[in-house]
Amino acid sequence: MILARAMGAAVLALLSTVALGQTRPDLVSRDRLRVCADPANMPFSDKAKAGFENRIAEIVADELKLPLRYYWMPQGPGFVRNTLGEGMCDLIVGYASDSDVVDHSNPYYASTYVLVSRAGSGLDNVQTLDDPRLSRIKLGVIAATPPTDHLLRLGLLEKARAYALLVDHRFASPAEEAVHDVETGVTDALAIWGPLGGYLAKKAPKPLAVAPLRADRRPALAYRIAFGFRRNEIEWKHRLNDVIRARRPEIEAVLRDYGVPLVPIEAAPIGPSVQGGEGGE
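Residue numbers for the sequence shown follow our numbering, beginning at 703 and rising by one.
Keep in mind that the hints were calculated from the coordinates and are not lab data.
Glycine included, each C-beta is placed from N, C-alpha and C at the ideal position.
Hints are supplied without guarantee of correctness; some may be wrong.
[Unchecked claim] Pair by pair, the computed Cβ-Cβ distance ranges are: (1) MET790 / PHE873: 16 to 24 Å; (2) ASN827 / GLU968: 22 to 30 Å; (3) ASP832 / GLU937: 41 to 49 Å; (4) LEU729 / GLY824: 51 to 59 Å; (5) LEU856 / PRO971: 14 to 22 Å; (6) GLY822 / LEU768: 45 to 53 Å; (7) ASP832 / LEU768: 42 to 50 Å; (8) ALA955 / LYS905: 14 to 22 Å; (9) LYS905 / ASP832: 25 to 33 Å; (10) ALA821 / MET790: 42 to 50 Å; (11) GLY778 / ARG933: 19 to 27 Å.
[What the hints assert, rightly or not] As a list, the in silico DSSO-like pairs of lysine-lysine whose alpha-carbon atoms are at most 30 Å apart: (12) LYS749 / LYS904; (13) LYS751 / LYS904; (14) LYS840 / LYS908; (15) LYS840 / LYS861; (16) LYS861 / LYS905; (17) LYS749 / LYS767; (18) LYS749 / LYS908; (19) LYS840 / LYS905; (20) LYS939 / LYS749; (21) LYS904 / LYS861; (22) LYS908 / LYS861; (23) LYS751 / LYS905; (24) LYS751 / LYS939; (25) LYS751 / LYS767; (26) LYS905 / LYS749; (27) LYS767 / LYS939; (28) LYS908 / LYS751; (29) LYS904 / LYS840.
Generate coordinates for the entire structure from the input sequences, incorporating the hints supplied.
Below, the structure written as structure tokens:
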């Protein structure tokens with residue numbers, strides 16, 4: 703009888719272990735909103751909490767009635783693995799929808815790559831990188847971003863001035879350098895991710911034009927941006943989607959305040975990750 707009871711207890715323990723393995727406990731903190739962010743990546747985030755993703759994180763924390771806490775780490779290779787993956791935080795505020803690195807909420811905005819040029823240069827109405835005017839100017843581009851594929855196809859990449867993509871933003875800001883080069887005439891125009899281009903153009907001492915770009919072939923130039931988090935955190939996903947629905951007007955007001963060029967979410971294709979505002983694997 704004792705042996706039977708012991709065997710029964712062992713079986714129950716085994717079944718409990720299997721059940722726990724199938725319903726992995728939620729790792730999301732219940733007493734604070736833990737956000738993974740880059741400490742020096744304006745206009746997205748910084749340690750002074752001056753970026754638009756910082757302000758959106760504050761909106762999320764307010765809606766959830768939780769104190770906001772940051773885990774700071776420069777974005778780049780290993781960002782997701784060493785933040786979300788290590789359980790140091792529960793949320794990345796900006797990540798491209800349908801990235802295969804993280805799970806994501808519903809998109810809360812969509813933006814596009816843009817062409818930044820000097821006001822009055824005649825380039826403010828350029829809509830595509832196929833525009834023949836671009837073959838006659840000094841063009842800048844952020845390396846390894848979707849516009850480079852189009853410029854390669856058009857035979858324009860070799861003569862374009864390229865600026866680094868993956869840097870530690872605490873020590874370098876290629877995007878600022880690139881926009882400054884447009885201001886000073888080193889280049890005539892720059893193809894850059896819209897939230898970066900719109901923000902830097904708005905800050906520039908000389909008037910700059912920001913023209914949204916579209917592409918009729920891949921890779922796409924417009925992308926949906928969502929909250930990123932660990933896979934299989936279904937309850938967390940629903941809570942974040944509720945926040946987006948409840949606070950969308952405030953979130954959009956923040957984006958517009960920072961000069962983010964917005965496009966309709968429905969019009970932006972679901973695609974791979976974009977440069978700016980998100981981490982590596």
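Hints, verified against the model:
no. : hint                        : verdict
1   : MET790 / PHE873: 16 to 24 Å : holds (23 Å)
2   : ASN827 / GLU968: 22 to 30 Å : holds (24 Å)
3   : ASP832 / GLU937: 41 to 49 Å : holds (46 Å)
4   : LEU729 / GLY824: 51 to 59 Å : holds (54 Å)
5   : LEU856 / PRO971: 14 to 22 Å : holds (21 Å)
6   : GLY822 / LEU768: 45 to 53 Å : holds (48 Å)
7   : ASP832 / LEU768: 42 to 50 Å : holds (47 Å)
8   : ALA955 / LYS905: 14 to 22 Å : holds (19 Å)
9   : LYS905 / ASP832: 25 to 33 Å : holds (29 Å)
10  : ALA821 / MET790: 42 to 50 Å : holds (44 Å)
11  : GLY778 / ARG933: 19 to 27 Å : holds (21 Å)
12  : LYS749 / LYS904             : holds (21 Å)
13  : LYS751 / LYS904             : holds (19 Å)
14  : LYS840 / LYS908             : holds (18 Å)
15  : LYS840 / LYS861             : holds (8 Å)
16  : LYS861 / LYS905             : holds (28 Å)
17  : LYS749 / LYS767             : holds (22 Å)
18  : LYS749 / LYS908             : holds (28 Å)
19  : LYS840 / LYS905             : holds (22 Å)
20  : LYS939 / LYS749             : holds (26 Å)
21  : LYS904 / LYS861             : holds (27 Å)
22  : LYS908 / LYS861             : holds (26 Å)
23  : LYS751 / LYS905             : holds (18 Å)
24  : LYS751 / LYS939             : holds (24 Å)
25  : LYS751 / LYS767             : holds (19 Å)
26  : LYS905 / LYS749             : holds (20 Å)
27  : LYS767 / LYS939             : holds (17 Å)
28  : LYS908 / LYS751             : holds (26 Å)
29  : LYS904 / LYS840             : holds (22 Å)
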